[in-house]
Amino acid sequence: MAIDIQTSPEKASSDRTALIRAGLRRRHLNEQIFRGLGIAAIVIALGFVALLFVDVFRKGIPAFVQSNLHLSVTFDEAVIGSDPVPVRGDFVSDAEYTAANLKWQRDLAMLNWNKIVEASLRKAAPEGFEIDSKQIQTIPETNARHQIREMFVANPSLLGQTVDVDVLASANAANWIKGNIDRSLGDGQQQLSPPARQLIDTFVDNGTISNGFAWTIFTNVDSRAAPASAGLLGAFVGTLWMMLIVVLLAVPIGVAAAIYLEEFAPKSRITDLIEVNINNLAAVPSIVFGLLGAAVFINWFHLPISAPIVGGLVLTLMTLPTIIIATRGALMGVSPSLRQAALGMGASKTQMVFHHVLPTTFPSILTATILGVAHALGETAPLLLIGMKAFVASVPATPFDQAAALPVQIYLWQGNENRNFFEPRTAAAIMVLLAVMILLNGVAIYLRSRLEKRA
Amino acid sequence: MNALVVAGVLIVLLGISYQTGWSKSRNLVTADGVKVHSRPQYHGSFTAIWAMIPALVILLLWAWLGGGITHNYTVSQIPQDILVSLDQAGLNGAIIRINALASGYGVAGEIAPWEQAAGDAVRSFNFLAFAGTLILAIVAGGAGLIYARSRITARLRARNTVERVVNVLLLACSAVAILTTVGIVASLVTEAYKFFTFINPLDFFFGTVWAPNNAGGDNHGSYGLLPLLSGTLMITAIAMIVAVPVGLLSAIYLSQYAPKSFRSVAKPLIEILAGIPTIVFGFFALVTVGPFLRDFGNAIGLQISATSALTAGIVMGIMIIPFVSSLSDDILNQVPRTLRDGAYGLGATQSETIRNVLLPAALPGIVGAFLLAVSRAIGETMIVVLAAGNAPILRGSPFEPVSTITVSIVNQLTGDTDFTGPQSLVGFALGLTLFVVTLCLNIFALYIVRRFREQYE
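Chain order of the listed sequences is B and L.
Residue numbers are given in the numbering used here: position 1 of the first sequence equals residue 1, and the series is strictly consecutive.
The number in the numbering used here is simply the position in the second sequence, starting from 1, with 1000 added.
In case anyone wonders, no lab produced these hints; they're calculated from the structure.
Just so it is clear, the structure is predicted and the values come from calculations on it, not from any experiment.
Don't be surprised by glycine CBs; every beta carbon is placed ideally from N, CA and C.
A few of these clues could be false.
SDA-like, lysine to any residue: derived pairs with alpha carbons at most 20 Å apart [said to hold, decoys possible]: (1) L:K1267 to B:V204; (2) B:K103 to B:D90; (3) B:K123 to B:L37; (4) L:K1267 to B:L37; (5) L:K1267 to B:D90.
Residues on chain B that point at chain L, a partial pick, calculated with CB under 7 Å [to be verified]: (6) A41; (7) F48; (8) A50; (9) L244; (10) L248; (11) E275; (12) P285; (13) V296; (14) L384; (15) P407.
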């Protein structure tokens, strides 16, 4: 509809208004739709956050419950025999005593401790319950015999006595108790034999098996033979070593580099190049840093494979750009009046930077450090390339020992064949990792707000 | 043990030298009317520098050359008639045995008399060499200390010297960033070059079959990049289809519509997604998203694998939502207010302003942000390792398992340090490809973003 301006000004004006009015409805509808799309996008994004957390928590929380078997164990002389414990006084030298003691322990290790475990299980079972030896052994975790042997080694006077001991139920038994495996599946698909399942249910009813909080997740190292006892301690300490190396190396080097580039470097082609280079390093895929670690640190420098020192160095190089960029930003934000005041009082440039400018950037540097460490903490791919995929069942005493790391432990557990048992346990490990990360981020936010208030 | 001794000696030397310089400087001040150029702590640092540098140089020289010298000495301790009978492997074995004897751990098997003699000799040589180096370092440090102390006068410009040394240290630290890049390029190029001596580059870049023979032997298998590249691109495309609309729209809503209170809550919540480790996303994809998609596919009559390009792509898309959203947010905020006010003044509604004015003005910057997101998706590893299914076959359906460049790097190179065959070296060729692709994307994206910023500054 064209507006005829020639007719009269009033007519033209009212025509125009009518035209605008006619379109307005449609335009306001479009406005509503567009705004609705925006809200939908936010809801989807937040929904994913919620879904992820709910999913991990729903899967992981059951793994913090473990099934304990309360047994009364008799240290039967018929099984253990009555070899005397070596006494220091009987030997001439310490070396001979140590040798005899080791021989005694070796002999103990050769004994059939499973018989003792089995006897105590049968004692707890109802009178005349029919189950063969192999089937009943599937109920306790395989480390029960080591646990009982170690008790005896520590206290040989237990011979012939009966004591109450708590041992872990096996992973398969725990699956059955918690319902991680479908109870209606046929015998062929069940991990446990029918009598074993029946006995477990009896044990649960009569209180021989009870559930408790799974401290073993925090106090044990990874284990393959006894999956129910697998814990995160080794991985946690390995991660701790790496983060220590990252903080000790990345922070001083990163801050120094930022100071040089921001305060001292002459503006030249080379500094431009360094700047472009640092921005690009921040965007290099993490797996490429893993390749660097494998080729340079392990193949050329012959550092030990799968050790926290190499992991720490690789993660340091990965974190450096983040810290450099954040520190440069903070230095750039320091007000010129502060600099001029320092210079005006006769401070040298170095004094101005180190005595006046740098202290005011402390909150930003701290925050960037914590966030950088939190990011490095969850990094997995580069660690796989430097051999941290290996199964390690020990706590690393130094950064040069073999070690696992939290994210790698998650990777290893999710690949375990006993899916029913390890899926919750993987989710539990993820919960621990997320808890550490959220803690770090929370500390960063808290410190920043506190320090900024004071400044 | 040795490291602890060295560290202890260095710390003591540092403390003594600093204290010496500091107290001499204080004595200068007590004299009447003397104006000292530098403050006492600069004289202390000046002396410490003079004492530490010679000591450190000697220790580093020994750390660098000591291994070779010890090796030569060990070889010289093996009797001549036995030495000629040994081949290279035998010689290495003998040296290992001698070193084990020297360190006092003992060795398996019978110890020949000459081995025992050589072991004893090497042990005393090691001790003497260590003690000698340490004493030499202490003497050199002490000499530096005395020289520096003698130079301390009121007119000595100690501060300037110390500041120059500090500057050099700062420069060295910023060189680490360059060295990292050099290290990445050098290691990727040299190892990839070794790979290309086994496999023709044309067969690698244009091959359509990925079937490495990991068993070893003369038949290396075939290393065609295309199946991996197609998997990578397919997953990246799916991820961008998920991430771009959600990320961009939420950025628009947060920066243009949302009240401040809502924005201050929602923005950090979305950014939580950016902080979650990728292995967690991988687990989520593997145990939740994959089975859900499979069941969903069954319900609508589609055959979808639990681990497929679709699973990995969707979850990777979720992962990069905050990346797209915060970058777009920054870009949108940089468009000058005058442009928006002009559109409002002409009577445009808010959504018309955004679609017809804001987005066209911000387009170059947003494209740059997307390219950065693409580069991140290509280099992402753990999600695809867990959820893409590891099937390096060239195919077009997103519902089936695929494999990517990063997955193959992880598969070919896990803790294997024996970089001799193409089976492990191919990891570096793949890494080089990945590095070059992401580098080009990053440089191009950063260039676009920078141009965009300059346009409105």
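Hint by hint, here is what the structure shows:
no. : hint              : in the structure
1   : L:K1267 to B:V204 : 48 Å, violated
2   : B:K103 to B:D90   : 15 Å, holds
3   : B:K123 to B:L37   : 67 Å, violated
4   : L:K1267 to B:L37  : 17 Å, holds
5   : L:K1267 to B:D90  : 74 Å, violated
6   : A41               : 4 Å, holds
7   : F48               : 5 Å, holds
8   : A50               : 9 Å, violated
9   : L244              : 17 Å, violated
10  : L248              : 14 Å, violated
11  : E275              : 10 Å, violated
12  : P285              : 2 Å, holds
13  : V296              : 5 Å, holds
14  : L384              : 6 Å, holds
15  : P407              : 5 Å, holds
Hint compliance for this structure: hints 1, 3, 5, 8, 9, 10 and 11 are not met, and every other hint is.
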